[in-house]
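Visitor: Letter by letter, the chains look like this.
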Amino acid sequence: MAYALATERLHDGTERSTGRSSWKALRRAAGRNLRAHAFLFGALVCFALFTWYPMVREIIMSFQRVHRGQTTWVGLGNYRQITADPEFWQAWRNTAEFTALALVFGFAAPFCVAIVVNEFRHAQGYLRILVYLPVMLPPVAGILLFKYFMDPGFGLFNQALHFLHLPRSQWLASKSSSMPSLVVVSTWSNMGTATLVYLAALQGIPGDLYEAAELDGCNVLQRIRHVTIPQTRLILSLMAMLQIVATMQMFTEAFVLTGGGPEGSTTTVVYLLYNYAFSYNKFNTAAALGVIMLLVLACFSAIYIVLERRGSED
Amino acid sequence: MTQLRIQRALDARNRFHSQRLKAPETYHRTLISRTQLNTVRGKRLYWIALTVALALATLVFIGPLFWMATGGFKTSQELVRNPPVLLPAHPSTHAFNLAWNRLGMAQLLWNTIVYAGGALAFQLIFCVTAAYSLSKLRPIFGNWILGLMLASMMIPAAALVIPQYLTVLDLPLVHWNLQNTPWVIWLPTVANAFNVFLLKRFFDSIPNDLLDAAAVDGAGPLRTLWRIVLPLSRPILGVISIFAVVAVWKDFLWPLITVPAHETLNVGVNTAATSMPDNALVGGLFLASIPTIVLFLIFQRNIMSGLTAGAVKG
Chain A
0 MAYALATERL HDGTERSTGR SSWKALRRAA GRNLRAHAFL FGALVCFALF TWYPMVREII
60 MSFQRVHRGQ TTWVGLGNYR QITADPEFWQ AWRNTAEFTA LALVFGFAAP FCVAIVVNEF
120 RHAQGYLRIL VYLPVMLPPV AGILLFKYFM DPGFGLFNQA LHFLHLPRSQ WLASKSSSMP
180 SLVVVSTWSN MGTATLVYLA ALQGIPGDLY EAAELDGCNV LQRIRHVTIP QTRLILSLMA
240 MLQIVATMQM FTEAFVLTGG GPEGSTTTVV YLLYNYAFSY NKFNTAAALG VIMLLVLACF
300 SAIYIVLERR GSED
Chain B
0 MTQLRIQRAL DARNRFHSQR LKAPETYHRT LISRTQLNTV RGKRLYWIAL TVALALATLV
60 FIGPLFWMAT GGFKTSQELV RNPPVLLPAH PSTHAFNLAW NRLGMAQLLW NTIVYAGGAL
120 AFQLIFCVTA AYSLSKLRPI FGNWILGLML ASMMIPAAAL VIPQYLTVLD LPLVHWNLQN
180 TPWVIWLPTV ANAFNVFLLK RFFDSIPNDL LDAAAVDGAG PLRTLWRIVL PLSRPILGVI
240 SIFAVVAVWK DFLWPLITVP AHETLNVGVN TAATSMPDNA LVGGLFLASI PTIVLFLIFQ
300 RNIMSGLTAG AVKG
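If you read the protein sequences in the order shown, they are chains A and B.
Per numbering that gives the first Met the number 0, the first sequence runs over residues 0 to 313.
Per numbering that gives the first Met the number 0, the second sequence runs over residues 0 to 313.
Next comes chain B alone, as it looks inside the complex (with noise of 0.2 Å):
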């Protein structure tokens, strides 16, 4: 009997605590208020709406990546017969085999993550130094630099690339051609006006007193910047990091044009689509979809709130 009652006792402390500790969550009124929602006719809208979007949702953006996963498994004909089939009868891995074969796709990978490393290395180097030198140390003409380097976001990228394209294959002074070489796809992706301008807008942020402080203790400006501003600038260059990767991962014309020696995922992966079996190429594009959806589950949060972060600009 007292157990029975100990029990009890114990149970409805755990549901209070229980209760205390999911709480308080923050309030924030939207289009249709709380006290609508939490009549009985309001309640039953809400979980019908929430369940037609959920399945929506999930049928529009994974239902073509659960098509593409399971296609790689079917046979060709399964893959096109009309009405669809949901699973292969008899699943086999051949087709992702013969694209990985075929596509190269192991080099066609190493290709990207050559380039977009690269890339990402020396945004890295160059706009943060750059971004720097604008916001603290402040050289003589600095503010028309950056005023021209901001002029360059209202050129569309589109527009430009005939003479890029003439200027990589000679480039002027030196002579040398750069096609084909890793160095043409790192080196434009530096002139980045955008990552120049965040970059700066952070470091501005940074007060003026710990750089003088700094150098009161007698660091020079690449210490400075190395021990201060840098530790200081993590999430925006976690930002401008994956941005970088993913522009790289994403770009089309411009590795078209440029490097059709040593292809991205992209283009390669276009190039070979017309003379692949169709469980071949299917099963081909989820592999090359693979990298950039696991970066995605990883790094979410990061790319979702630096999203933001970039548009608003709060």
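Same shape as in the complex, but just chain A (with noise of 0.2 Å):
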């Protein structure tokens, strides 16, 4: 109980020593700080390693040249250097149509599937253990399957537009039709995590709202759009941008599918960053990059903080 004497709230942080023995309580404080950063050690030391020291290190770099073992200062030559590489304006041009596929893709299919699911009475559970399954598979398997699906020869893909007497793709093989075939593969291996959070959110509309839109004569599709969509709003934004700054970082599907061709069409912004590092073995180019990619994302996130800032305001 002397504890308790000495100082006030123990938990709030705002404790206040009480007068009799300041000294005692400040050194009990000092303690008491000591105490806490030491729980928080670990966790500080791998964020400072693994977060924010490289933060730094990657600006630092992106103004620097290594040769032959020299570091030099070169300004903004790095940044010089990849604008001026017709493979930096491709890579985001390239991003930039996946991301933009990829949005009303993998935006659109797991609403509405969600929309259709949230109308059955049977099967929810089941149906829900589907569309989830293969955001559990590895990427990789995922991926290399539909290698074969759209293999331009003897793939399923074609076979099935053959049969149903569509013409066929090239799918991977073109340059036209490369990326549109990199989002179906994202889209379907991505699509679980967005249509459960929008089912959770389809839960939660009241009933008696769809009741007031059906008593005013609105139909099917004029309920989901005066009630469903502005009643999900919120989550439907904030997905959208947490898809937007996801689907910028692709790198998996093309490396593993299309190795960035054919004629560079599938190269992305974090591949060219890969290779620049990796195969070009200039890293601080590469860090140029880093720092370019960083501030476009950071205005997304930005903008996906605000959102979700008002969003837990309502």
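Treat the hints with caution; some may be incorrect.
Stated by the list, open to error - Straight-line alpha carbon distances no greater than 25 Å define the calculated SDA-like cross-link-like pairs of lysine to any residue that follow:
#1 B:249 / A:297
#2 A:146 / B:256
#3 A:146 / B:270
#4 A:146 / B:65
It is worth saying that the hints were derived from the structure and are not from the lab.
Combine both chains into one complex, guided by the hints.
Guide: Written out as structure tokens, the structure is:
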């Protein structure tokens, strides 16, 4: 109980000494702080080593160049070099294409699936498991599988198209269809997460809103437009932001399936970063690319955080 | 005669009870009202839609898995035959054996388990103690540290890969090279702001009175954490554990560059993909998928509820 006499409030941090023997209280406070920081220590070291320090280091690196072990400052040299590379612009175009397509498909598909599944009274659990199953596959397994499905010769997709009397596609082998094909792969393997989040959001919509809309003479599509979408708007916009940030970092699909080809049509920004560092051995130029990427994606993340804050205030 | 009557009465009672037991399903109105569904036409449409949805979902999400599993039993010629073969004519496990041996699947699996298990342990220890410290011990500068951690959530993982890679090659101050050791996977996973944030929010909801009572009883912070906070936090710990394991299991770029000598399942399968016969590769993909699918089927309830808890943050 002596402890309680010397200080007020134990756990909220704003403890004040009650005047009696303030020196003792100070020492106790210092001891408590030391202990609290000891609890923080492990995580703090990891954050410092693998997040904060690399962050600073990347920015410094991007202004330097290393030549035969000699580090020199080159100002914006790396940035000039990377932006002068036609591959850089190509990579951003590719990434933008992938992100836009992935947003259209990867966004619409889970939402539609969630709306439909939410209407069913039977087999909901089964459908949920099915949709989420690909998310749990090791990505390389899910991705390599599509190499067979998308083969221009014997692939199942082309056989299905042929069966339906539709024109065959070159899928990954042609410049124009390679990126959309990657979007198909990525949507298949990732849509489960978004679907489940939407399902949870849909179940939170009060039923009387639909009731009221129906009494006002709305048909099903109008009910989706005037009730479902406004009621889930916040989740929709959050997921859109998350998805933009995630898809702009696409790497595995392109690395495993196309190797950036054909003719550089699937070289994404992360892929280019990887190439600069590990194929051309230009770590500093890669760092400059990393900083650019960071700035671009940080804009989207900032929007996300603002949206989220507004969401938690509601 | 009486027997028949008794039988009938019993039947009636059973029917009544089974109805009573089945009934109290809470009705939550969705897009389409139940009265609309209960018309003859509505019922018919509902069952048609459900059947189509089930068939389609099974085809889209189980179909590829089925193809993968049966593909391993086929010969390479059968696998790529046009039109496709549904079931192998002469099923043989030869391809699975070949995949297991050629890929060194046992070693790959073991590596991945070691990486995932260690990452789980480190995250549980360091993220939990950090969150506990930030939430309950409230050290000086705690809010600043939390802010810095959360700020790192804005940094896209792929943009920091280069300086992180250079950092693990030569750790600052101690100059250790972590490449090809499990530490290179384990330690960076601790720097997960989302985990710390989720845990801290959960700990915040544990009443301080409980901890005060423990303190009065003479328990130190470690004992309080172990005996009071952790038992109360089982649900959130489960969520974090699952995501910790799955994240390591699914990662590709980081293990690709940091542990080339002790590959993960993902990286190993991708490396060997070009040098294997088709049926062995497909069989290998299936073998590689089994662990996470089993994990998912066991923990699917927790995984799915954790997913929505993490995303919606209700």
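Visitor: Next step is simple, just say for each hint if it's right about the structure.
Guide: Hint-by-hint comparison with the structure:
Between residue 249 of chain B and residue 297 of chain A the CA atoms are separated by roughly 24 Å; this keeps the pair inside 25 Å, and the hint holds. For a cut-off of 25 Å, the pair hint linking residue 146 of chain A to residue 256 of chain B stands: about 23 Å separates their Cα positions. Among the hinted pairs, residue 146 of chain A with residue 270 of chain B is consistent with the structure: their alpha-carbon atoms are about 15 Å apart, no more than 25 Å. Only pairs whose Cα atoms come within 25 Å are accepted, and residue 146 of chain A paired with residue 65 of chain B is accepted, the gap being roughly 16 Å.
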